[in-house]
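Same order as they appear, the protein sequences are chains A and B. 1 is the number of the first residue of the first sequence in the working numbering; add one for each residue after it. 1 is the number of the first residue of the second sequence in the working numbering; add one for each residue after it.
Hints are not guaranteed to be accurate.
[As the list claims (entries may be wrong)] Simulated restraints on C-beta separations:
| id | chain 1 | residue 1 | chain 2 | residue 2 | range |
| --- | --- | --- | --- | --- | --- |
| 1 | B | E57 | A | G177 | 36 to 44 Å |
| 2 | A | D3 | B | D49 | 31 to 39 Å |
| 3 | B | S135 | A | G198 | 56 to 64 Å |
| 4 | A | A50 | B | V38 | 34 to 42 Å |
| 5 | B | K131 | A | G125 | 29 to 37 Å |
| 6 | A | G125 | B | A125 | 39 to 47 Å |
| 7 | B | E20 | A | E102 | 44 to 52 Å |
| 8 | B | K138 | A | R46 | 41 to 49 Å |
| 9 | A | D5 | B | Y136 | 52 to 60 Å |
| 10 | B | L32 | A | V56 | 47 to 55 Å |
| 11 | B | G51 | A | A50 | 18 to 26 Å |
Simulated from the structure, these hints should not be mistaken for lab results. Just so you know, even glycine gets a beta-carbon here, dropped at the ideal spot from N, CA and C.
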Amino acid sequence: MLDADFFRRWMAVTAASVDREAERLTALDSPIGDADHGSNLQRGFRAVAAVLDKEVPDTPGAVLTLAGRQLISTVGGASGPLYGTLLRRTGKALGDAAEVSEEEFAQALRTGVDAVRQLGGAAPGDKTMIDALVPAVDALGESFDAAGAAAEEGAVGTTPLRARKGRASYLGERSIGHQDPGATSSALLIGALKEARGE
Amino acid sequence: MSEGTSERLVGVVLVSHSAEVAASVADLARGLSGGGTVPPVAAAGGGPDGGLGTHAELISAAAASVDRGAGVAVLVDLGSAVLTVKALLAEGDELPEDTRLVDAPFVEGAIAAVVTASTGADLGAVEAAAKEAYSYRKE
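Take the sequences, apply the hints, and build the full model.
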């Protein structure tokens, strides 16, 4: 079972990964975006870690709802409302249970990913975070390890795609050949699950 | 239209990635609103670090500042501005009741919204006028 401590660790490990990879995320965002993905997410997840330390929500749902709200407030780019919606909707779907099963979490995360798809209007293959999140959610029923690998594979798989959403879509064919920064940060988020459980 | 609408004007919030763009479009729309009462207009431009971007807290504060109980029309430029307002609306308690994201061109829509709001029109009419700005061709 997964408790509030697990979800707090998930956010803390994600914040540390984003810190470590911020320069790489911004570098990926330079040729096809506006070169702020790393610094925006770094600011957002640092704020998430800080608010979770301060308020110490005591259910899995409350941890993710608060984290999502904090991302919407602090990120400043499109990744704020997108990741914020992902975590908040996932948190709401978990309700107020003190512990949730991995299966319940997988289902809730699917609800969150669907909300992101609805908010941003992106479908698989559009070269967005959805290309990492959808295969990750599909593999989450198997294991955290499988979900992390699927997200990473999805992120790498965005390289040959042509962007159909966001600023990168204005670049048309010039967006081909670059790995999508949002899919890359999504792979960090999913990859952090395994570490949060101490695997 | 119900009694007292002329005192309870629809508020307009202008959200841009740039603080200067949001403030200038607000000035432009106020300046062109004619001789009537100028409706409450607030700019919410720029990101949390003061640079280009979208700042959710500025948007919430701007919406609260123009809310006179007749509704608030929010116009946005693009990308994170659109997504942030949609996410705030989905949140439920971050924006005044009767706040609407208006799908309109930013500059022309802002002018149409402010002029219409200045007449005491309701939120639906303000929204329709702003949207209508999409149909104005320049060739």
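Hint check results:
In this structure, B:E57 and A:G177 meet the distance hint of 36 to 44 Å, their C-beta atoms being roughly 37 Å apart. Look at A:D3 against B:D49: about 35 Å separates their beta carbons, and that is inside 31 to 39 Å. As the Cβ distance of B:S135 to A:G198 is approximately 59 Å, the hint placing it in 56 to 64 Å holds. Against the hinted window of 34 to 42 Å, the Cβ-Cβ separation of A:A50 and B:V38 comes to about 41 Å, which satisfies the hint.
About 31 Å separates the C-beta atoms of B:K131 and A:G125, a value consistent with the hinted range of 29 to 37 Å. Distance hint check: the CB atoms of A:G125 and B:A125 are about 41 Å apart, consistent with the given range 39 to 47 Å. About 49 Å separates the C-beta atoms of B:E20 and A:E102, a value consistent with the hinted range of 44 to 52 Å. The hinted window of 41 to 49 Å between B:K138 and A:R46 holds, with their beta carbons roughly 45 Å apart.
In this structure, A:D5 and B:Y136 meet the distance hint of 52 to 60 Å, their C-beta atoms being roughly 57 Å apart. Taken as a hint, the range 47 to 55 Å holds for the pair B:L32 and A:V56, whose Cβ atoms sit roughly 51 Å apart. For the pair B:G51 and A:A50, the supplied restraint of 18 to 26 Å holds, since their beta-carbon distance comes to about 21 Å.
Hint compliance for this structure: no hint is broken.
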